[in-house]
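Asks: So you can see what is in the structure, the chains are spelled out below.
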Amino acid sequence: ETGVTQTPRHLVMGMTNKKSLKCEQHLGHNAMYWYKQSAKKPLELMFVYNFKEQTENNSVPSRFSPECPNSSHLFLHLHTLQPEDSALYLCASSQDGGASGELFFGEGSRLTVL
Amino acid sequence: AQTVTQSQPEMSVQEAETVTLSCTYDTSENNYYLFWYKQPPSRQMILVIRQEAYKQQNATENRFSVNFQKAAKSFSLKISDSQLGDTAMYFCAFMRVGSARQLTFGSGTQLTVLP
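Quick note, the sequences are listed as chains A and B, same order. All residue numbers for the first sequence refer to the numbering used here, where the first residue is 1 and numbers rise by one. All residue numbers for the second sequence refer to the numbering used here, where the first residue is 1001 and numbers rise by one.
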């Protein structure tokens, strides 16, 4: 198993659909993250979970709903998205709550909103 | 708030040559870390190199080295003996010590190594 696995790798959805992105880490880390990566823009931190508790929510619209049932799994539930939400969504994990700054990333889920 | 600027959206280099990617940052903090992350095409982003601001010595990792100029708030990445596998998007990132989990990224530089 690779360190951080994201599914699906590609997702196309309409604005009225409900879908979910899944992330799983096999590294025994205690913190997990969702980032949004848009072309020619810096990575945007969306959510952070530390020991299953949400510790950061960077003013993300409510149409994005995270869920962290345990330290190894992280979901991003999507509903009534907008075309500008089309992007690569990256999941990451870290040890020691991220104090070292080293994040371990998944390959990302490419989302297209029609 | 911290900002990280990468002014070179795209660069290219011939295989086996040396290339330098630029990064500047703005902060009022004194204790922080700086990073270079690499994102190959359709592959996971990985940490390339890390620099602690309190260390004067520039970090090195094999063919990768940095030129850290704290007063100028500059943090460039030098790749020596470039290889085709170095083709990737490179992101510079900043983190204040004590603000675990809060990495600020630049917009990235797409590096292409030409055969």
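FYI, nobody ran anything at the bench for these hints, they're computed from the structure. Just so it is clear, the structure is predicted and the values come from calculations on it, not from any experiment. For glycine and all other residues, C-beta sits at the position ideal for the given N, C-alpha and C. Mixed in with the good hints there might be a few duds.
Unchecked claim - Below, a list of computed lysine-lysine pairs in the DSBU-like style, where the Cα atoms sit at most 35 Å apart:
(1) Lys1073(B) / Lys36(A)
(2) Lys36(A) / Lys18(A)
(3) Lys40(A) / Lys1070(B)
(4) Lys40(A) / Lys18(A)
(5) Lys36(A) / Lys22(A)
(6) Lys1078(B) / Lys52(A)
What the hints assert, rightly or not - A short list of chain A residues far from chain B (calculated; beta carbon distances all over 10 Å):
(7) Gly3
(8) Phe64
(9) Cys68
(10) His77
(11) Gln82
(12) Ser100
Asks: Does Gln82(A) clear chain B by more than 10 Å, comparing its Cβ with all Cβ atoms of that chain?
Replies: holds (22 Å)
Asks: For the pair supplied as a hint, Lys40(A) and Lys18(A), confirm whether the alpha-carbon distance does not exceed 35 Å.
Replies: holds (27 Å)
Asks: Any Cβ of chain B at or closer than 10 Å to Cys68(A), or is the non-interface label fine?
Replies: The claim holds: Cys68(A) sits with its nearest Cβ about 14 Å from chain B, beyond 10 Å.
Asks: Going by Cβ atoms, does Phe64(A) stay more than 10 Å from chain B at every point?
Replies: holds (18 Å)
Asks: Quickly compare the C-alpha distance for Lys1078(B) and Lys52(A) to 35 Å and report which way the hint goes.
Replies: Violated - the C-alpha atoms of Lys52(A) and Lys1078(B) are around 38 Å apart, more than 35 Å.
Asks: Can the restraint linking Lys40(A) and Lys1070(B) be considered satisfied, given a maximum Cα separation of 35 Å?
Replies: Answer holds: Lys40(A) to Lys1070(B) is near 26 Å, not above 35 Å.
Asks: Can you confirm whether the C-alpha distance between Lys36(A) and Lys18(A) stays at or below 35 Å?
Replies: holds (18 Å)
Asks: Within a Cα-Cα threshold of 35 Å, do Lys36(A) and Lys22(A) meet the stated pairing?
Replies: At roughly 14 Å apart (the allowed maximum being 35 Å), Lys22(A) and Lys36(A) satisfy the hint.
Asks: Is the nearest CB of chain B more than 10 Å from the CB of Gly3(A)?
Replies: Not fine: 8 Å to the nearest Cβ puts Gly3(A) too close to chain B.
Asks: Confirm or reject the statement that His77(A) sits farther than 10 Å, beta carbon to beta carbon, from all of chain B.
Replies: Answer for His77(A): holds, closest chain B Cβ roughly 21 Å.
Asks: Is the Cβ of Ser100(A) more than 10 Å away from each Cβ in chain B?
Replies: It is violated; Ser100(A) is separated from chain B by about 8 Å at its closest Cβ, not greater than 10 Å.
Asks: Between the alpha carbons of Lys1073(B) and Lys36(A), is the straight-line distance 35 Å or under?
Replies: holds (26 Å)
In this structure, the earlier hints numbered 6, 7 and 12 are contradicted, and the remaining ones agree with it.
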